[in-house]
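Since the structure of chain D is provided, determine the placement of chain E on it from the hints.
Respectively, the protein sequence lines represent chains D and E. First residue of the first sequence? That's 1 in my numbering, and the numbers climb one at a time after it. First residue of the second sequence? That's 1 in my numbering, and the numbers climb one at a time after it.
Derived by calculation from the structure, the hints in this document are not laboratory data. Glycine included, each C-beta is placed from N, C-alpha and C at the ideal position. Just so you know, not all the hints are guaranteed correct.
Here are the simulated lysine-lysine pairs, DSSO-like style, with alpha carbons at most 27 Å apart [stated by the list, open to error]: (1) D:262 / D:30; (2) E:102 / E:331; (3) E:288 / D:282; (4) D:262 / D:331; (5) D:156 / D:86; (6) E:48 / E:156; (7) D:87 / D:102; (8) E:331 / D:288; (9) D:288 / E:282; (10) E:102 / E:173; (11) D:262 / E:173; (12) E:175 / D:173; (13) D:288 / E:288; (14) D:175 / E:331; (15) D:156 / D:173; (16) D:156 / D:48; (17) D:288 / D:173; (18) D:262 / E:102; (19) E:173 / D:288; (20) D:173 / E:156; (21) D:331 / E:173; (22) D:156 / D:181; (23) D:175 / E:282; (24) D:175 / E:288; (25) E:181 / E:158; (26) D:282 / D:87; (27) D:288 / D:102; (28) E:8 / E:181; (29) E:262 / D:173; (30) D:30 / D:8; (31) D:331 / E:175; (32) E:48 / E:102; (33) D:86 / D:102; (34) E:173 / D:173; (35) E:87 / E:156.
For the chain D half of the interface with chain E, some residues (derived, Cβ under 10 Å), not all of them [unchecked claim]: (36) 202; (37) 208; (38) 343; (39) 369.
Number of protein chains: 2
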Amino acid sequence: MNLSLCDKLGIDYPIFAFTHCRDVVVAVSKAGGIGVLGAVGFSPEQLKEELDWIEEHIGDKPYGVDIVIPQKYEGMGDMSAEELEKKLWEMVPQGHIDFAQKLLADHGVPEWPDGTTSMGLMGWTEATATPLLEEALTRPGCKLIANALGTPPADKIKQVQDSGRLIGALCGKVKQAVAHKEAGLDFVVAQGGEGGGHTGDVGSVVLWPQIVDAIGDLPMLAAGGIGNGRQIAAALAMGAAGVWTGSLWLTVEEAHTQPAQKQSLLDATSEDTVRSRSWTGKSCRMLKNEWTEAWEREDTPDPLGMPLQGLVTSDGIRRTSVYADRGECQKVAFNPCGQVIGQINQVESCRQVMQRLLEEYVDAVAMAGRMLPDS
Amino acid sequence: MNLSLCDKLGIDYPIFAFTHCRDVVVAVSKAGGIGVLGAVGFSPEQLKEELDWIEEHIGDKPYGVDIVIPQKYEGMGDMSAEELEKKLWEMVPQGHIDFAQKLLADHGVPEWPDGTTSMGLMGWTEATATPLLEEALTRPGCKLIANALGTPPADKIKQVQDSGRLIGALCGKVKQAVAHKEAGLDFVVAQGGEGGGHTGDVGSVVLWPQIVDAIGDLPMLAAGGIGNGRQIAAALAMGAAGVWTGSLWLTVEEAHTQPAQKQSLLDATSEDTVRSRSWTGKSCRMLKNEWTEAWEREDTPDPLGMPLQGLVTSDGIRRTSVYADRGECQKVAFNPCGQVIGQINQVESCRQVMQRLLEEYVDAVAMAGRMLPDS
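Chain D extracted, bound-state conformation (with noise of 0.2 Å):
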């Protein structure tokens, strides 16, 4: 097949399933492909749970993890992650907690049971990060790290390389996948402007060719609007290496998503959906809806950077993923996903879902060379 990231990895098919879901990452390994668990939510103690819970039951597939390594922030020093968090809650305006705190009171989603009211920098640091990766180069089944943003430090990428597995990153430019290659990363993973969670602006039919004529032999896997076997065909065309997928995995029976959020995702079309600094301080494509409508209002805060905005909204992600379907919650809930949700109006397994995409590439596959002189 030439496509020399199955070789590396021991996988049928170059389907990546970027979810937060273990149950996901599981199922789609079990399948031919292979699942990349999203980690930067979680505590190094919830990721420890998380992994256990995957190495006993994937068999001898391979996975993923996802996380953020940030280069270190300038002026930061090596304070550890305590002072760093400190050190930031200091540059948060007031007025900000309060807005984001009365938007999620206003629609009727319940406090959090201990009343805090922010769960602090999650893995978006250096500092926070650096335990995800610790704790997943433990594992003998986690056979590939991805960084959500930006090259890696030069430590890192030796570090993951050292012990025998690949590490990638993702990018939405073509001078970021340049970086990357520089960097000595081992793919890179592309993701046009409609793709889900942080995204650029330049469209996956633009941006794919682009990179791969800039990468040369390095695989790039496509990424933005992967939602059927006819875009695999597509991404493969314009000389991906394979395709990584995210919101197609939101809504597959295995997902932990609550039932409302599932329905808000089942219900969108392709229009729904935004570009919107209000969660993560930097452009996320999410479900639109009054909470990123709320914070483009001009009477209203503008979204700080990243991570000084994570630490007001943490609260909220908690809060509207386990209170989904309190009062008003989808209102102003946190629903990142790409475009390609729009076609996604069924619940299916995450077998199905794989056997389809196969079938669907067959047939995709033989339309794209009606032009050819002979057919």
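Same frame as chain D, but now just chain E:
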């Protein structure tokens, strides 16, 4: 090849080239695709001249004409073009005209020789578009009419089809494609948000398969992001019956584009375009520059709607086009194009472009099949 539009139009390849240049129309049709002349900026007299030239040079090859036939405006009754324009001018604030004129003057763009500061309504209304359509329908070589915005009125669809020609229309949303189908059009052009000119928000890789599914047998041409043969293979894999290209022809040898404007387009990356309402009043993708930024600021006029904004800016369109290399003209020039402009970096002839597209296409089809079990 099972590409029904090719048979109906008598063309070798379902590659549609939208262009404002008659030379490009002729060269693409002679190379086996089909040129489509964008006529909205022409007066009926100018269009007559262009079509005379095309008919004289194109031999027995077919071509198309692209116009804008809006549904009639509410309350406009059977007003003449002159009455309508007078009424619309009354709705334009003087501050908008002054702001546009100052931007042009500040950047050294020469005034129009006859001292006028507007080209009037151009072909944006039913009253002004009808004479363009009538002119096109007198030409034996014109085999196709495309409507650039919205579903054409039923009487116009019937008129075109009764004349033995095909009629289609552009769209950027599934529901628009369905409306086109219900109105009885012969094809739709589905343009993703990365496309140039008037364009929506949903990316091509997400939009195309959804529209293919929504309109069943009706042929869909894929627009928005097509600049090489890999992107053509991708579009066909996703179910397109052909491709509709625009940016690809702005910089070819045959294009009348002024050298300074051509250079701006050749230099641009895919991150240098923006969707802006600043020229036509509707979201239109173009090169980002000081003009587009000036209309975004909070202390400047908000763009009017269509067709009012066009009354304000039509003088700028002709001046920045004709005087493209004067003063700092390129900083305020109207340079509509799609994100794919970033992969167009050299001047080629139309024949070279067509040849390249077909060669790249063949390679891409082979790439698309790499995940098949027996490849």
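- Below or equal to 27 Å on CA atoms is what counts here, so check residue 156 of chain D against residue 173 of chain D. Cα-Cα ~22 Å, so holds.
- Message: Between the alpha carbons of residue 288 of chain D and residue 288 of chain E, is the straight-line distance 27 Å or under?
- Response: holds (26 Å)
- Given the proposed pairing of residue 48 of chain E with residue 156 of chain E, does the C-alpha separation stay at or below 27 Å? Roughly 20 Å between the alpha carbons, so the hint for residue 48 of chain E and residue 156 of chain E holds.
- Message: With the threshold set at 27 Å, check whether the alpha-carbon distance from residue 156 of chain D to residue 48 of chain D stays at or below it.
- Response: With a Cα-Cα distance of about 20 Å, the restraint between residue 156 of chain D and residue 48 of chain D holds, given a limit of 27 Å.
- Task: Assess, step by step, whether the Cα of residue 86 of chain D is no farther than 27 Å from the Cα of residue 102 of chain D, and give holds or violated.
- Result: holds (24 Å)
- Query: Is residue 175 of chain D close enough to residue 282 of chain E, meaning Cα to Cα at most 27 Å?
  - Reply: violated (31 Å)
- Message: Just to be careful, I want the Cα atoms of residue 288 of chain E and residue 282 of chain D compared with a cutoff of 27 Å; is the pair within it?
- Response: Roughly 22 Å separates the two Cα atoms, so the pair holds.
- Is the Cα-Cα distance between residue 331 of chain D and residue 175 of chain E 27 Å or less? Since the Cα atoms of residue 331 of chain D and residue 175 of chain E sit roughly 24 Å apart, the hinted pair holds (cutoff 27 Å).
- Task: Verify the interface restraint on residue 343 of chain D: the C-beta must sit less than 10 Å from at least one C-beta of chain E.
- Result: holds (6 Å)
- Assess, step by step, whether the Cα of residue 156 of chain D is no farther than 27 Å from the Cα of residue 181 of chain D, and give holds or violated. holds (15 Å)
- Take the C-alpha atoms of residue 173 of chain E and residue 173 of chain D, compute the straight-line distance between them, and say whether it is at most 27 Å. Holds, because 26 Å separates the two Cα atoms, which is no more than 27 Å.
- Query: Is the Cα-Cα distance between residue 262 of chain D and residue 102 of chain E 27 Å or less?
  - Reply: violated (52 Å)
Of the hints listed earlier, those the structure fails to meet are numbers 8, 10, 12, 18, 20, 23 and 32, in rising order.
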